[in-house]
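Colleague: Bring the two chains, given one by one in their own frames, into a single complex with the hints.
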Amino acid sequence: MKMIINTELCQGHNRCYALAPDLVDIDDLGYASHKGDGTVPPGREEAARLAADNCPEEAITIIED
Amino acid sequence: MAHTEPVEDWCRDYDIFDPGYIRDPFPIWDRLRDECPIAHSDRWGGSWLPTRYSDIHAIAHDPTRFSSDEITVAPLEGGPADGVKAPPITSDPPEHTWARRLILPAFAPRAVEAYRDYTVALCGELIDGFIDRGRADAASDYAQQIPPRVIAHLLGVPPEMSDEFTEWVRGVLELGLTDPDIRMKYRAILMDFLWAQVNDRKANPRDDLITRLLQSEVDGQPVPDTHVVGTCNLILIAGIDTTWSSIGAALWHLARNPSDRARLVADPGLIPTAVEELLRAYSPVTMARVVTADTEVNGCPMKKGDRVLMSFPAANRDPEVFPDADRVVIDRARNRHVAFGVGIHRCAGSNLARMEMQIALETWLDRIPEFELADPESVTWAGGQVRGPRECEVVFR
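Residue numbers (our numbering), protein chains in the order written: chain A, 2 to 66; chain B, 310 to 706.
One chain only, chain B, in its complex shape (with noise of 0.2 Å):
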């Protein structure tokens, strides 16, 4: 992690990479939503940082007055100098509209099913490989294991190269972020390993998500090898580090509550309920919008050009929308969360994720009812775009 400066006021100098704020952030979106509440920083090239439901909702539903072209929370210097991009995620209307139909059909609740049985065996092999040890890493030699090996089966390339898989997109999304030497090597080596399964599936073409997109049409045109590479470059990144952030923080969760572990335990028919408020509390992404126009949010002053960063975990801890909002209430029934963001950019992969999450969890407790954290200390996480631990070793008892 980058050094940053030590922030003093938090309303006007935030540092979404600082050591505090990647630990927990909580406190400070609740001083923030009370006393400013959509804050201010020019640090990492600048941002507002709204942080309640209200505000975040409604920017989330004006892709007109807040562009989706650059989303990452500190920005690349001059942006992609290759032309691809991340579509539909970094695109707005029109373009927007046919790039997420073509990718929806592949994650939509009935195609996410297919890949039920496949994540069931994965998850019970990775537990085999630790649970005669009598502990493990639950973010490392879990949670990062199971995305990687699911979105590889899914592009239809070797599950042998999940390991590279996170190491890319972690050189990409996490480390990166604050280093572009860093970020421009793993981009350079996921576009290079992009083009050449998109050249491999146009001369043997194969029944997977690939070469669907590359023999897809759109206003009887084929879709450019270039949006192809770009919305593979996508489903690689967004489905990695994400889901993994969210399988290791419900663990920790887990690990540190006894109470709410023995409850689905003993009851796992609450998993899907318990997976939404973990999803709630602990939401792993944040994504930034720039401002085309200069405007105004809730008496807030924004000019054209400026980055807004959503956090949707700040929104999902707002007290006006959710009672007990610090709390996990892990039964609990009204949870109107965005951690998958909402309006036009709803994240499309979450049926997966749920998928992945629901699955990750129920083999977990079945296999390892009880276990606890061997160091709360020695606990690591990691921050900025997407929050969730990078260590997190526990006993099983």
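Bound conformation, chain A alone (with noise of 0.2 Å):
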């Protein structure tokens, strides 16, 4: 699975980085992204959805394998 952060509409809400901190990179301003290629490891699929799901912007894709 991986899950992709699209940072053109990520506003900073910070939802994903408190469900999901260790899947998100917050910079200086609050903005997020995902860590390195987005890929989710195994044990940790339900905190990506849900981080996805709790996203006001709908910025968060899952793609499941």
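Keep in mind that the hints were calculated from the coordinates and are not lab data. Check the hints yourself; a few may be wrong.
Computed from the model, here is a short list of chain A residues facing chain B with C-beta under 8 Å [as the list claims (entries may be wrong)]:
(1) Q12
(2) Y18
(3) I27
(4) D29
(5) L51
(6) D54
(7) C56
(8) P57
Per label pair, the in silico range of CB-to-CB distance [stated by the list, open to error]:
(9) S525/B x T40/A: 36 to 42 Å
(10) D517/B x E65/A: 46 to 52 Å
(11) E629/B x E47/A: 21 to 27 Å
(12) G37/A x R643/B: 38 to 44 Å
(13) E59/A x E469/B: 42 to 48 Å
(14) T689/B x D38/A: 39 to 45 Å
(15) E59/A x V527/B: 26 to 32 Å
(16) L10/A x E476/B: 39 to 45 Å
(17) L10/A x S525/B: 23 to 29 Å
It should be emphasised that the depicted structure is a prediction, and the values quoted were computed from it without experimental measurement. No residue lacks a Cβ here, since even glycine has one placed at the ideal position from N, Cα and C.
Modeller: If you want it as structure tokens, here you go:
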């Protein structure tokens, strides 16, 4: 699974960071990007789905394997 | 609260200062969402009121057609005479882009962590002050006391000033909305204070936010003093009433719902999830937008200069988006609420507000796990721009 954050859409709500801090990088302004190539480690799939489903900007896409 | 004529037709003549609307707006939004769904009223300067999540989401993402030039729900005649606004919340792009970048670093998750220990100690001290009495006003003795002190700490001004801050902010944002004299009086007090702070930092730079704003540059030019005063105006006003209302509404809910309370006491790890649900269900803030050119929203014709009230609280109760929208589901896991707005004007202080709210509830529930309303009839609410309880006496058990 991959979790991809569209940085053009991110407005810095930080909901994803609160729910899946290990999958998200936050810059000094508070905007989010996915770590690495967005690959979700085994066992963290639900956290990634929650991050996507709580983003008010709908900026996060989940790509299932 | 100003006298308001009773409302007979909410779809064509709503009144956001109607006492019934302030106390219990939820059934009114449900009806408007089904029947209207974008209401109109000539009261208080005239405005449109969208009530569906999808319409509010779309308008918030269209700053070209919907300007933030005037954001108060009841417009100030002629606007501020001194040219000081509240950037970036009152800015449109392109000013908005740099004005927002100036303040975001102070409110990013890492930066906000620096205020955590202060907030924990503050909440503990407040409870020390009333726990032996066996009762307290959850709104005025607790919720109201937290944000002004955190904001004073952040701005680098004395925490003893927090009672005055609260009075000024209520004067501008609550009582002043329907009474221009009160509004102008407190605005003048606030401006005098902020200009004095800015002039002081220019003479005596310190390690605080006001100094950092004054030392910032945009395109190689220093940020104008008027802009810095305006941004401090925003931080003070937007950071106090709002967060206090959210904390108060959360405690009001928990006082009335023993099962939700017991669940959070047994499992404090659920508090961050509960905070999001309480923010959704009791969102405090409505902002306005101004239509920039004749347009149409969901079949509704709007004229240039019309004002639109962005009822994020109504959006968050939309059953199209939230199952059981009118029920607080304390462990609601999927919650795309817009209590902090959405789009380019997402509340810059949202990380700080969430931190304050989580700590306020954690600390209260740890020390006072059992409490209930002293008298449900005695709870009072403020509303209009910011909705929240103003008197909420609870007894501890």
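Colleague: All hints, please: hold or fail.
Modeller: We went through each hint and held it up to the structure:
Satisfaction of the interface hint for Q12/A is found here, the shortest Cβ-Cβ separation to chain B being roughly 4 Å, below the 8 Å cut-off. Restraint check, Y18/A versus chain B: the minimum CB separation of about 6 Å is within 8 Å; hint holds. Satisfaction of the interface hint for I27/A is found here, the shortest Cβ-Cβ separation to chain B being roughly 6 Å, below the 8 Å cut-off. Annotation: interface hint on D29/A holds; nearest CB of chain B at approximately 5 Å, less than 8 Å.
Proximity of L51/A to chain B holds as hinted, the smallest CB-CB distance being about 6 Å (cut-off 8 Å). The beta carbon of D54/A comes within 4 Å of a beta carbon in chain B, closer than 8 Å, and the hint placing it at the interface holds. Taking 8 Å as the C-beta contact cut-off toward chain B, the hint placing C56/A at the interface holds, the least distance being around 7 Å. The criterion of a C-beta within 8 Å of any C-beta in chain B is met by P57/A, whose closest approach is roughly 5 Å, and the hint holds.
Range check, S525/B to T40/A: about 38 Å between beta-carbon atoms, so the 36 to 42 Å window is met. Here the CB-CB span from D517/B to E65/A is close to 48 Å, well matched to the stated 46 to 52 Å. Distance hint for E629/B and E47/A: a CB-CB separation of about 25 Å, consistent with the stated range 21 to 27 Å. For G37/A and R643/B, the Cβ-Cβ distance of about 25 Å falls outside the hinted range of 38 to 44 Å, so the restraint is violated.
For E59/A and E469/B, the Cβ-Cβ distance of about 45 Å falls inside the hinted range of 42 to 48 Å, so the restraint holds. At about 54 Å, the beta-carbon gap between T689/B and D38/A misses the expected band of 39 to 45 Å. Take E59/A and V527/B: their Cβ atoms lie about 31 Å apart, and the range 26 to 32 Å holds. At roughly 40 Å, the beta carbons of L10/A and E476/B sit within the given window of 39 to 45 Å.
The hinted window of 23 to 29 Å between L10/A and S525/B holds, with their beta carbons roughly 27 Å apart.
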